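Novice: Given the sequences, and given the hints that come with them, work out the whole structure.
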Amino acid sequence: MLCVFYLEKYGKKAEEILKKDDICSRQSIALREAKTLGIDKEGYFLFFEGSEQACERAKELLKEFVKEVEEEVLEKVRKAYEEENEKALQGFGGIFG
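Going by the numbering used here, the residue at position 53 of the sequence shown is 62; the numbering climbs one at a time, nothing skipped.
Everything labelled a hint here was simulated from the structure, so no lab data went into it. As the structure is a prediction and not an experimental result, all values here were calculated from the model. Worth double-checking, as some hints may not be accurate.
Across the chosen pairs, the derived CB separations fall in these ranges [to be verified]: (1) Leu98 / Asp31: 25 to 31 Å; (2) Lys72 / Lys96: 31 to 37 Å; (3) Lys96 / Lys44: 28 to 34 Å; (4) Glu93 / Glu65: 22 to 28 Å; (5) Asp30 / Gln99: 20 to 26 Å; (6) Lys76 / Leu98: 28 to 34 Å; (7) Glu42 / Met10: 31 to 37 Å; (8) Lys50 / Glu91: 27 to 33 Å; (9) Lys28 / Gln99: 16 to 22 Å; (10) Ile26 / Lys50: 31 to 37 Å; (11) Leu98 / Ser60: 20 to 26 Å; (12) Asp31 / Glu79: 29 to 35 Å; (13) Arg35 / Glu81: 27 to 33 Å; (14) Lys96 / Glu61: 26 to 32 Å.
Here are the simulated SDA-like pairs of lysine to any residue, each with C-alpha atoms no more than 25 Å apart in a straight line [as the list claims (entries may be wrong)]: (15) Lys50 / Gln62; (16) Lys44 / Gln62; (17) Lys28 / Leu46; (18) Lys76 / Gln99; (19) Lys29 / Glu80; (20) Lys28 / Arg41; (21) Lys29 / Tyr90; (22) Lys50 / Gly20; (23) Lys68 / Glu51; (24) Lys72 / Ala97; (25) Lys21 / Ile48; (26) Lys85 / Phe74; (27) Lys18 / Glu73; (28) Lys85 / Lys29; (29) Lys29 / Gly47; (30) Lys21 / Lys44.
Even for Gly, the Cβ is constructed at its ideal location relative to N, Cα and C.
Specialist: See below:
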């Protein structure tokens, strides 16, 4: 399950909180600046991929940092993130053939 969080500030702090948690630290966590994903907003998007229980835990831990964002923006961000990961996998496959 992929959860996407928009953080106007404190992106690194939010990432640190998740990495210190016993459940969340075992999941995939990626922090990206909004502008690098083609979004004209200040702040960060945090991508958290893990079990449903872990996503719920992450939501609870980050509730004071997360800001609401339009669904179409979230879709654009998810797509950009997935494309970024796909390109990375293709490049990795080229190295190991």
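Novice: If a hint holds in the structure, say so; if it does not, say that too.
Specialist: Consistency of the hints with the structure:
1. Leu98 / Asp31: 25 to 31 Å: About 29 Å separates the Cβ atoms of Leu98 and Asp31, which means 25 to 31 Å holds.
2. Lys72 / Lys96: 31 to 37 Å: holds (32 Å)
3. Lys96 / Lys44: 28 to 34 Å: violated (18 Å)
4. Glu93 / Glu65: 22 to 28 Å: holds (25 Å)
5. Asp30 / Gln99: 20 to 26 Å: Since the Cβ atoms of Asp30 and Gln99 sit about 32 Å apart, the hinted range of 20 to 26 Å is violated.
6. Lys76 / Leu98: 28 to 34 Å: holds (30 Å)
7. Glu42 / Met10: 31 to 37 Å: Distance hint for Glu42, Met10 is violated at roughly 23 Å.
8. Lys50 / Glu91: 27 to 33 Å: violated (19 Å)
9. Lys28 / Gln99: 16 to 22 Å: violated (28 Å)
10. Ile26 / Lys50: 31 to 37 Å: violated (21 Å)
11. Leu98 / Ser60: 20 to 26 Å: Hint holds: Cβ distance 22 Å, inside 20 to 26 Å.
12. Asp31 / Glu79: 29 to 35 Å: Check passed, 33 Å falls within 29 to 35 Å.
13. Arg35 / Glu81: 27 to 33 Å: holds (31 Å)
14. Lys96 / Glu61: 26 to 32 Å: holds (28 Å)
15. Lys50 / Gln62: violated (30 Å)
16. Lys44 / Gln62: Violated, at roughly 30 Å.
17. Lys28 / Leu46: Answer holds: Lys28 to Leu46 is near 23 Å, not above 25 Å.
18. Lys76 / Gln99: Roughly 33 Å between the alpha carbons, so the hint for Lys76 and Gln99 is violated.
19. Lys29 / Glu80: violated (29 Å)
20. Lys28 / Arg41: Between Lys28 and Arg41 the Cα gap is close to 16 Å, so the pair holds against 25 Å.
21. Lys29 / Tyr90: Judged against 25 Å, a Cα distance of about 24 Å means the pair holds.
22. Lys50 / Gly20: holds (13 Å)
23. Lys68 / Glu51: Answer holds: Lys68 to Glu51 is near 21 Å, not above 25 Å.
24. Lys72 / Ala97: violated (31 Å)
25. Lys21 / Ile48: holds (19 Å)
26. Lys85 / Phe74: Holds, at about 21 Å.
27. Lys18 / Glu73: holds (11 Å)
28. Lys85 / Lys29: Violated, at roughly 29 Å.
29. Lys29 / Gly47: Violated - the C-alpha atoms of Gly47 and Lys29 are around 29 Å apart, more than 25 Å.
30. Lys21 / Lys44: Since the Cα atoms of Lys21 and Lys44 sit roughly 16 Å apart, the hinted pair holds (cutoff 25 Å).
When each numbered hint is compared with the structure, violations occur for hints 3, 5, 7, 8, 9, 10, 15, 16, 18, 19, 24, 28 and 29.
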